[in-house]
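Since chain D is already given, all that's left is putting chains P, W and E on it; use the hints.
Protein chains in written order, with my numbering: chain D, 1 to 251; chain P, 1 to 251; chain W, 1 to 251; chain E, 1 to 251.
Quick caveat, the hints were computed from the structure, so don't treat them as lab data.
It should be emphasised that the depicted structure is a prediction, and the values quoted were computed from it without experimental measurement.
Any given hint might turn out to be false.
[What the hints assert, rightly or not] Straight-line Cα separation of at most 20 Å, PhoX-like style, residue types lysine-lysine; simulated pairs:
id	chain 1	residue 1	chain 2	residue 2
1	P	K21	D	K202
2	E	K180	P	K160
3	D	K115	D	K90
There are 4 protein chains.
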Amino acid sequence: MKVGLIGFGKTGKAVASAILKHHDFELEWVLRKSPKQEDRLIADILEIDCNNQGRVYSLHNHKIEPFLDAHPVDIIIDFSSESGIFTYGKAAAQRKIKIISAVSHYDHEQEAYLKRLGEYTTVFWSPNITLGVNYLIFAAKVLKSIAPFVDIEIVEEHFKHKDGVSGTAIKIAEALGLKKSKINSVRAGGIVGKHQVIFGFKYQTIRLIHESISREAFGNGVIFVAENIIEKEKGFYQYEDIFKPFLSDKI
Amino acid sequence: MKVGLIGFGKTGKAVASAILKHHDFELEWVLRKSPKQEDRLIADILEIDCNNQGRVYSLHNHKIEPFLDAHPVDIIIDFSSESGIFTYGKAAAQRKIKIISAVSHYDHEQEAYLKRLGEYTTVFWSPNITLGVNYLIFAAKVLKSIAPFVDIEIVEEHFKHKDGVSGTAIKIAEALGLKKSKINSVRAGGIVGKHQVIFGFKYQTIRLIHESISREAFGNGVIFVAENIIEKEKGFYQYEDIFKPFLSDKI
Amino acid sequence: MKVGLIGFGKTGKAVASAILKHHDFELEWVLRKSPKQEDRLIADILEIDCNNQGRVYSLHNHKIEPFLDAHPVDIIIDFSSESGIFTYGKAAAQRKIKIISAVSHYDHEQEAYLKRLGEYTTVFWSPNITLGVNYLIFAAKVLKSIAPFVDIEIVEEHFKHKDGVSGTAIKIAEALGLKKSKINSVRAGGIVGKHQVIFGFKYQTIRLIHESISREAFGNGVIFVAENIIEKEKGFYQYEDIFKPFLSDKI
Amino acid sequence: MKVGLIGFGKTGKAVASAILKHHDFELEWVLRKSPKQEDRLIADILEIDCNNQGRVYSLHNHKIEPFLDAHPVDIIIDFSSESGIFTYGKAAAQRKIKIISAVSHYDHEQEAYLKRLGEYTTVFWSPNITLGVNYLIFAAKVLKSIAPFVDIEIVEEHFKHKDGVSGTAIKIAEALGLKKSKINSVRAGGIVGKHQVIFGFKYQTIRLIHESISREAFGNGVIFVAENIIEKEKGFYQYEDIFKPFLSDKI
Chain D
1 MKVGLIGFGK
11 TGKAVASAIL
21 KHHDFELEWV
31 LRKSPKQEDR
41 LIADILEIDC
51 NNQGRVYSLH
61 NHKIEPFLDA
71 HPVDIIIDFS
81 SESGIFTYGK
91 AAAQRKIKII
101 SAVSHYDHEQ
111 EAYLKRLGEY
121 TTVFWSPNIT
131 LGVNYLIFAA
141 KVLKSIAPFV
151 DIEIVEEHFK
161 HKDGVSGTAI
171 KIAEALGLKK
181 SKINSVRAGG
191 IVGKHQVIFG
201 FKYQTIRLIH
211 ESISREAFGN
221 GVIFVAENII
231 EKEKGFYQYE
241 DIFKPFLSDK
251 I
Chain P
1 MKVGLIGFGK
11 TGKAVASAIL
21 KHHDFELEWV
31 LRKSPKQEDR
41 LIADILEIDC
51 NNQGRVYSLH
61 NHKIEPFLDA
71 HPVDIIIDFS
81 SESGIFTYGK
91 AAAQRKIKII
101 SAVSHYDHEQ
111 EAYLKRLGEY
121 TTVFWSPNIT
131 LGVNYLIFAA
141 KVLKSIAPFV
151 DIEIVEEHFK
161 HKDGVSGTAI
171 KIAEALGLKK
181 SKINSVRAGG
191 IVGKHQVIFG
201 FKYQTIRLIH
211 ESISREAFGN
221 GVIFVAENII
231 EKEKGFYQYE
241 DIFKPFLSDK
251 I
Chain W
1 MKVGLIGFGK
11 TGKAVASAIL
21 KHHDFELEWV
31 LRKSPKQEDR
41 LIADILEIDC
51 NNQGRVYSLH
61 NHKIEPFLDA
71 HPVDIIIDFS
81 SESGIFTYGK
91 AAAQRKIKII
101 SAVSHYDHEQ
111 EAYLKRLGEY
121 TTVFWSPNIT
131 LGVNYLIFAA
141 KVLKSIAPFV
151 DIEIVEEHFK
161 HKDGVSGTAI
171 KIAEALGLKK
181 SKINSVRAGG
191 IVGKHQVIFG
201 FKYQTIRLIH
211 ESISREAFGN
221 GVIFVAENII
231 EKEKGFYQYE
241 DIFKPFLSDK
251 I
Chain E
1 MKVGLIGFGK
11 TGKAVASAIL
21 KHHDFELEWV
31 LRKSPKQEDR
41 LIADILEIDC
51 NNQGRVYSLH
61 NHKIEPFLDA
71 HPVDIIIDFS
81 SESGIFTYGK
91 AAAQRKIKII
101 SAVSHYDHEQ
111 EAYLKRLGEY
121 TTVFWSPNIT
131 LGVNYLIFAA
141 KVLKSIAPFV
151 DIEIVEEHFK
161 HKDGVSGTAI
171 KIAEALGLKK
181 SKINSVRAGG
191 IVGKHQVIFG
201 FKYQTIRLIH
211 ESISREAFGN
221 GVIFVAENII
231 EKEKGFYQYE
241 DIFKPFLSDK
251 I
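Same shape as in the complex, but just chain D:
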């Protein structure tokens, strides 16, 4: 599978690294705003020992349509920013290139645009593309739906200097219809990231816990999504659309 990556920040790099190490994927290029590191081999920048010949390109020096024609891919992975989709979305959809966006937030208009692109190609969006966090949300929604009366609270823990409430915790709360006041935020030392959903029944307690070990989890999330949408028809997909078939088929 030929893959192009939009965005090359910290997480973008971790994702590129995960893709380079995976045999089923060929990272054709990274496309970024800044002209930094232009034309360098991605594998060299990331100090990964492999034969990959993909290079870094800048939107500064390339127009998207001829670029996509010159460097064809099956999937575009977007770790850029909210507005990134407008640079490449239409051109990609016209070429039936599948789109996986891991941008952490879109406004209504942007999300609507994503859905329109889904009329032409396969479009997937997850604001936190790790398998673990999405499973946590899914499993929590299942339990909430089975036991709508249960008390639910969220405890999230992160490193001392993380500002504000964790975006992922807010996503979990929204998915469960909880007020923000049900989120407890712990900030201490170098905790990478821990999200706990506590379900309090009268005579038993259930806890769903996700602990991040490192940023590379995003890379593996992208790979999981790519493998699961590659056969999907055009349309707009989210993580639940990937999870559901596992339920009916296999359990």
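Just chains P, W and E now, kept in the frame of chain D:
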């Protein structure tokens, strides 16, 4: 809903107590092997202040067929032993009384008999009837099916004098296709019961944890099952059959 | 050791029950405000099968000085209320009866009175007399003193209807010089009581966790304290005074 | 404080990196067996931007006595192997250079040699030099000594491919007089390292948990030890000797 209870051990009593406190259920009788406490009001024995007039009867002094005719119920709940089902099963099925069995173990023959009864009435069986443990197993199976490559281990903790590996932990391991060696058993002090399933990914960890607070959780489990099978047609059901509709309908 | 108990609420009863079951202690009497259950055998009220002949008496019908002379004890355990100490304190001190108070709060004047009594007899006070919570506070203070720069947060979890922040969590915070905002309170279902102190270092995290299983922990706390102060000279003692000798002697 | 480092494996590098970043320490040199990277600046190898001029030297090309005279230090930190101490120990002791050894295991003879060196200079040894693990052991011993009757179990979790039982868990078990069978080992995914000591009382449970975030914790452990032994007289010290003054002075 009129309910009869077979078995009146520690857990049977906790279940009776939960049913007595619940407005939608009327506990008509307890039927037990031993003639102890025969004819006493259940509510008196359990020191619960309510108008319930259900009494304790013994199989010693009653034949099951005339007993069921004299004391009709909608559901029989079975907290007795493996062989209990043979005393009342056929008589109940003939009268279309639904059966909920919470007996912790049946051999193949006994389970086959249960399934045959399911050709005549609604039969439900769960070896651990708490909502929490069954949800844990269900959610763990979902994750295993989504990520079959993930490493899984189980840690179960119980009070010092609990003998052998927890039956629930063995159930979880079987459901996930794990060897028994993946179960770690901690025995310390008065821990009521804790089951943790650890899913180790390379860059993230997911934990599903169930903590028991008290035996009354079994009572609430019975009530949850009763509410969810009362409308079900004849057939043999397990917890997953109750959970699945929640997935398709509501998520 | 002959013991008298002041106060017979829920926790007082759990404590009486623990003492009745312990071979080294003889529960001579319970003294309470209300004349309820007066003159009944304590063992009968608590449905404990033992030879103890201690009975319930009411301050309504007894004056403290003649009462203590008629029913001599070595230790008085106080689970009553803030003002309880004024009813029996002076009379007990004059008779060299040791005092263990587990009253959860005293104002400055009351605490000063306790300390004055310590000039005449052995007086011990702990607002939460369980061994576990006091060890938690002690161990947390040790770590804070070793690593004063570490980030500390507290997470306490209790049953849904517990009002306000846990008093124990406030005690922990005070002992560590933390602001109240560092306490995160989770309220869900029937959680008996869990206190977690999280120490966040840059590259490691330490957690000290105390989980309550039941109210009987107070009884065992009283027994632990009684065994450890019985040889102590007159003076005012707290839990740390009991812990410290263990450090120098044995480690 | 001038520091020399013996050993330059993965952990040695993490320690060098922590020292380079700390203002109170000057890393004068790294001394290693292999002649790899000889004469290169340590800061360059570790890609740390600082003015430090310390270089890597090899025992291959240097004799220890003239080397220590030519490159004097206050403290030697040893992250090499069991036999490392014999290369530099005597020469260091003669020059009153303090020694901090973080070698994970010594046999009896080697430990005896360390103690003999303590007759001439300040010698410190800890097989796991992180503050957190040593505090865990210390706090666990305190609780065991307060409550010798308590049930204790250990749960340690590490990445899938870690062989054998964690050495740290074995140390904890030895310190508490526990059999190895009380250690439960979980191996899953990429868990960096978690050690939990569970104290089970009849009515309460206490858990002491240490979670590693990264190898840099060893560097901070070395710095903590160095700061606390620099004023100590000659002698053989372990972590408890550092912890104890904190107890008596400050609590």
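- Task: For the pair supplied as a hint, K115(D) and K90(D), confirm whether the alpha-carbon distance does not exceed 20 Å.
- Result: Holds, at about 12 Å.
- 20 Å Cα cutoff - pair K180(E), K160(P): 17 Å, holds
- Message: What's the verdict on K21(P) and K202(D), does the C-alpha distance respect the 20 Å limit or exceed it?
- Response: Given that 20 Å is the threshold and the Cα spacing comes to 14 Å, the pair holds.
In terms of the numbered hints stated before, the structure departs from none.
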